[in-house]
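Chemist: Taking the hints as your guide, dock the two standalone chains into a single complex.
Residue-level listing of the chains:
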Amino acid sequence: MALFHFSNYSTFEEAMIGFTAYCREHDLRVGLSHSQEALIAAQQGFSTDKQTLKYTLKSLFCTCEEEHTTFEKCFETYWGKRKHDYAHKIEKQAQSNITKKASASLVMMGFNPNKKENEQEEEEAKNVTGASKIESLKKTDFSKIAAIDNEILERLAEQLLKQLNHRLKRKLEATKKGKIDIRKTIRNNLSYGDALINLARKSRKLEKYRLILLLDVSGSMDKYSFFLLKFIWSLKTNLKNIEAFVFSTHLIRITDYLHQHELDETLWQLSHNANNWSSGTRIGACFKQFNDDYAKRILNGKSITIVLSDGLDNGEPEELSQELHKIKMRTSKLVWLNPLKGMKGYEPLAKGMKAAMPELDRFESAHNLESLLELENILSHV
Amino acid sequence: MIPEVNQLIKECDQLGYIVEEELATVLLLMLRIQKPLLLEGPPGVGKTEAAHIIASHLDTELIRLQCYEGLDVSTSIYEWNYQKQLLSIKINENERMSATEKEQHIFGDEFLLSRPLLKSITAKDKAPVLLIDEVDRADEEFEAFLLELLSDFQISIPELGTIKAVHRPVVILTSNRTRELSDALKRRCLYHWITYPQFDKELRIVHKKYPDLSGDVAQQLVAFVEYLRGMNLQKSPGIAETLDWANSMMALHANEFSKEYIDKTLGCILKSETDMRNIKSMKTESILEEIKS
Numbered sequence: 000m001a002l003f004h005f006s007n008y009s010t011f012e013e014a015m016i017g018f019t020a021y022c023r024e025h026d027l028r029v030g031l032s033h034s035q036e037a038l039i040a041a042q043q044g045f046s047t048d049k050q051t052l053k054y055t056l057k058s059l060f061c062t063c064e065e066e067h068t069t070f071e072k073c074f075e076t077y078w079g080k081r082k083h084d085y086a087h088k089i090e091k092q093a094q095s096n097i098t099k100k101a102s103a104s105l106v107m108m109g110f111n112p113n114k115k116e117n118e119q120e121e122e123e124a125k126n127v128t129g130a131s132k133i134e135s136l137k138k139t140d141f142s143k144i145a146a147i148d149n150e151i152l153e154r155l156a157e158q159l160l161k162q163l164n165h166r167l168k169r170k171l172e173a174t175k176k177g178k179i180d181i182r183k184t185i186r187n188n189l190s191y192g193d194a195l196i197n198l199a200r201k202s203r204k205l206e207k208y209r210l211i212l213l214l215d216v217s218g219s220m221d222k223y224s225f226f227l228l229k230f231i232w233s234l235k236t237n238l239k240n241i242e243a244f245v246f247s248t249h250l251i252r253i254t255d256y257l258h259q260h261e262l263d264e265t266l267w268q269l270s271h272n273a274n275n276w277s278s279g280t281r282i283g284a285c286f287k288q289f290n291d292d293y294a295k296r297i298l299n300g301k302s303i304t305i306v307l308s309d310g311l312d313n314g315e316p317e318e319l320s321q322e323l324h325k326i327k328m329r330t331s332k333l334v335w336l337n338p339l340k341g342m343k344g345y346e347p348l349a350k351g352m353k354a355a356m357p358e359l360d361r362f363e364s365a366h367n368l369e370s371l372l373e374l375e376n377i378l379s380h381v
Numbered sequence: 000m001i002p003e004v005n006q007l008i009k010e011c012d013q014l015g016y017i018v019e020e021e022l023a024t025v026l027l028l029m030l031r032i033q034k035p036l037l038l039e040g041p042p043g044v045g046k047t048e049a050a051h052i053i054a055s056h057l058d059t060e061l062i063r064l065q066c067y068e069g070l071d072v073s074t075s076i077y078e079w080n081y082q083k084q085l086l087s088i089k090i091n092e093n094e095r096m097s098a099t100e101k102e103q104h105i106f107g108d109e110f111l112l113s114r115p116l117l118k119s120i121t122a123k124d125k126a127p128v129l130l131i132d133e134v135d136r137a138d139e140e141f142e143a144f145l146l147e148l149l150s151d152f153q154i155s156i157p158e159l160g161t162i163k164a165v166h167r168p169v170v171i172l173t174s175n176r177t178r179e180l181s182d183a184l185k186r187r188c189l190y191h192w193i194t195y196p197q198f199d200k201e202l203r204i205v206h207k208k209y210p211d212l213s214g215d216v217a218q219q220l221v222a223f224v225e226y227l228r229g230m231n232l233q234k235s236p237g238i239a240e241t242l243d244w245a246n247s248m249m250a251l252h253a254n255e256f257s258k259e260y261i262d263k264t265l266g267c268i269l270k271s272e273t274d275m276r277n278i279k280s281m282k283t284e285s286i287l288e289e290i291k292s
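From first to last, the protein sequence lines stand for chains A and B.
By numbering that gives the first Met the number 0, the letter at position 92 of the first sequence is numbered 91, and the numbering carries on one by one without gaps.
By numbering that gives the first Met the number 0, the letter at position 5 of the second sequence is numbered 4, and the numbering carries on one by one without gaps.
Looking at chain B on its own, in the form it has when it is part of the complex (with noise of 0.2 Å):
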């Protein structure tokens, strides 16, 4: 391990956000030679959290575009303030201007809203964050378009020309794999799987997060959680479902993981009525057992 890294996994502990070694080689790779960083995973296992770790500790701002079918150019990355614009017009209609001037004048910056895309080349002070998330819900016309701006980290608008990035961004990708990216994109970026993390790590993000939640309940909850991934269900629960279901403990002032309790608050971790009734079937005391043993 080289001590950059090695301050990094520090720094990010200090903000709450345990990371493995090898994601922090990547973030730093990520920041060291200026390529966007595709994160991909299950749900719920903290690709979304690296982004705003790595905003805090860059201590810059984050700006996040979430994606979904349909997303076009005038809601990711500028569009004109029509209403504005066609007020000026009417406002300005007596005054002595020249076509080309009122023309200046309505396409000029005060009547452009900028989206996050636009935003994230456009901040003055500092190079920002910019989170893409879950880039896969996007259609694929979306995803090329992308491509102009992680490659050359510009933007063309007709009315206005080419805009430069004036800091280069730092930019984090997330996808869900519920389709392939074209190798275009893929191309373009570092990439990075995260998975599961294993039992010690969990348990390390539960205690980080929870810190008066008490060292048995905790591991119990885990191996539990754990066991459930094992299991091929349909939905298996990430990160997110433990801490919810670390944090519905706390806030029912549960002091013992035991069969009641699992049985009442199942609903934290499992997402589908199929799963529910499997598990319940076979015997929440049952599968307690095992995990102490």
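Chain A with its partners taken away, still in its complex shape (with noise of 0.2 Å):
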């Protein structure tokens, strides 16, 4: 840790490139032009003192309020007096970390060490493997599926998923005439000498709805909510605007995390910044935080918001329904997804659920990919 300090360096430009690359260890993103920026910055006098020192890298390395504590801490460290006590901290804290994330993966990849696969769900799941059965997997219930046909799974999933958004698009495009684009008449007439006989249109701009997710992650949701990720990451992949959140005991937002090209590559990183997998539930309180943190940025007159749930609450219902009902004010609409909802006989008695129906504009089953595709009617008819 010693090495992260500027005494260690000779020059001024040595140690502001010391402190970028530590910015980087410490996961802010910075890079060479950066650094650069600093040195111009520095020449410029504003490193003559460390407060302004401070406020000049700080407007240069941060991009969001959330880095600024990072920041700081990095900054007391690398310009501070020698051993500070942040840097033992920080070093603390990144292996903590990584002790939680072993055990929070097994369980995202579908192997939960505290439950035994049921030995009769295996021997169902073998049934319906190959090509020609897909119709029948469209139909198989999540929780009995076995590893094996994960990745069949996936490709119907992904196939689905983009017929999904395709005849979306073109339901919106198909139902209004634009306006006329003058622009593009000239252009088009121009060989008709000034007449515009061709009249080109602007066709109308694509409506983007932006999706909020929200996914419960809880300890009785373990069979669902590997796939019902999958389900969002391809989403993610499809759709541009998608908010995601997983929530237990409290909530995370997991949007960025989905960016990443490979499921493999944000299910790692999930496992590293998601510690939430697998506990108990508190929904209200989730939503709580939801509403406090996120729904005045996120939420507005043009996104659905999706809860992915089996609406089984340790919580409040009292709270849950008051939270719910701020959401359902700030969003168009207000979809609720259970995965219990497709065994027969199921009637939404827990306590957390009741407290919730009246809220909801849709009431909809999720334990199985034909119903995942319902969503495109509740898309498109908002």
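Wrong hints could be hidden among the right ones.
[Unchecked claim] Restricting the straight-line Cα-Cα distance to at most 25 Å, the calculated cross-link-like pairs of lysine-lysine (DSS-like) are:
hint	chain 1	residue 1	chain 2	residue 2
1	B	Lys279	A	Lys295
2	A	Lys301	B	Lys270
3	B	Lys234	A	Lys295
Calculated directly from the structure, the hints in this document are not laboratory data.
Modeler: Here you go:
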């Protein structure tokens, strides 16, 4: 750790480059251009005073408010007095994160060490292997599929989801004729002299809905959460405007991790950063967190909020219904997808689910792919 | 604090804008290294105002582009004046001009309508301040479009070629964070987060804007607003709301910050029905007593 201190370098330039490297190590996204600009700023006289240097580098190195704390820690450690306690703390925190990850990733990959797979379920799953069984796979309950079938299911999901997006687009495009595009019209009619014969039109811009997905990853959802996560991930590759969160006892925003090109990469990052997998459920409290931290800037008249949860809740039902109401006021449609609804004779009797019912626009099942495809209807009728 | 920053703070103060050391440093840095500045923060904390002040500090023109969803090239950069072009073609019909001459004529400067972005880089005498307001409301496509402007300060128009900035404009972008901006855009900007001001600063702002308001009233008013901000409301009041409220006190000639007055004018500061109901049910007099103590 002692290496990361300005006193180890002989010139200011080297020290600045060292600081950039140090920041990079703490996940600030800084590159060559940043250290260059920092040096230019220093030449302009912004380095004569420690406070000024801090403000200068802060505005150069940070790209959002959340990074400020990390930056300040780095700055104090690096430019402050030698042997600062912060260095020790950052190191410690990094270590503790790693230990948490290993178990979380295991659970996420579908191998929960605490639960033994039912043999009968595996039996059923083997029966549905192979391309000719695609139709039946569509209807297989996620909870009954063993790891072998993941690949087929994933391919199918991708294919169906692509189709979904495609159809969605066509529907929106055909509905209305747009305005006349003068620029194009003139260009198209150049050959007729000054007579405008063929009118060019601007096609209506695609309405972009923002999809907000809240995925329950508590213990009771273990059987489904991996597939639903995969579902969210596929949606992300097809629809641009998505915000995703996972919740159990607390809420974690996972949108940033979905940007990866490979699902495995996403999962790896998730297991590093989402440590709320397979714990208890406090839906109301999580929604409150959502409302406090994110709702204002994420939800608007063009957003559809989808909750993926079984509604089995340990928290207060009043809080849940109150927070759901707040969400509903801000979003244009609130949909709850419940995997349990696919079971025969299921009634929303769990107290959490019961409290939520009056606030929902739609209440659908989410136990197999076909039910997920129902989403298309929901999305196109907003 | 370096002397230039101190001077900037003083100058802004004279112009009626109270600025903290950190923001002043960043503003100075923006002017020195000629990099765009991205200001983020909740609504009503003076992001747009900062651009106005910089413009009057530099004594230059402020060009403002208000972003909205669906903002496109023809409203933000340039548009050809089609009606005029068509008329011109008609008028010159019988003149012997070659096709190239005609084309050159109708795609000349007099037919070009410059919109804010083009205006900002073609300003002749002095670098203007370009304010791109609420950039988070524009589409991602538009953001990508800004990249060329912000890194090279040039704009390409197919009919005319690339136009380079005569003077590099001072660019300030503001965002309310209704969505995350792309990394590419952020990378090209300095970043500063403005948040709600401390009690003292806000009091100074109120005094600055409304010097006639009595000290006691202003103090209570600011304390009340600060109390509201701590209450986790649906929409927390910004500085703009505080100033509105102070202004309404002046307008109604109220000389006491009393419960009756607060209940009547709560609409100046709370913009949501639930918030209003919550505050009223909490009894304004108890809040008043709390802030007085």
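Chemist: Does the structure keep Lys301 of chain A and Lys270 of chain B at a Cα separation of 25 Å or less?
Modeler: Given that 25 Å is the threshold and the Cα spacing comes to 21 Å, the pair holds.
Chemist: Regarding the pair Lys279 of chain B and Lys295 of chain A, is the alpha-carbon distance no greater than 25 Å?
Modeler: 23 Å, holds
Chemist: Please work out if Lys234 of chain B and Lys295 of chain A have their alpha carbons no farther apart than 25 Å.
Modeler: Holds: Lys234 of chain B and Lys295 of chain A sit about 8 Å apart, inside 25 Å.
Figure legend: structure checked against the earlier numbered hints; every hint is met.
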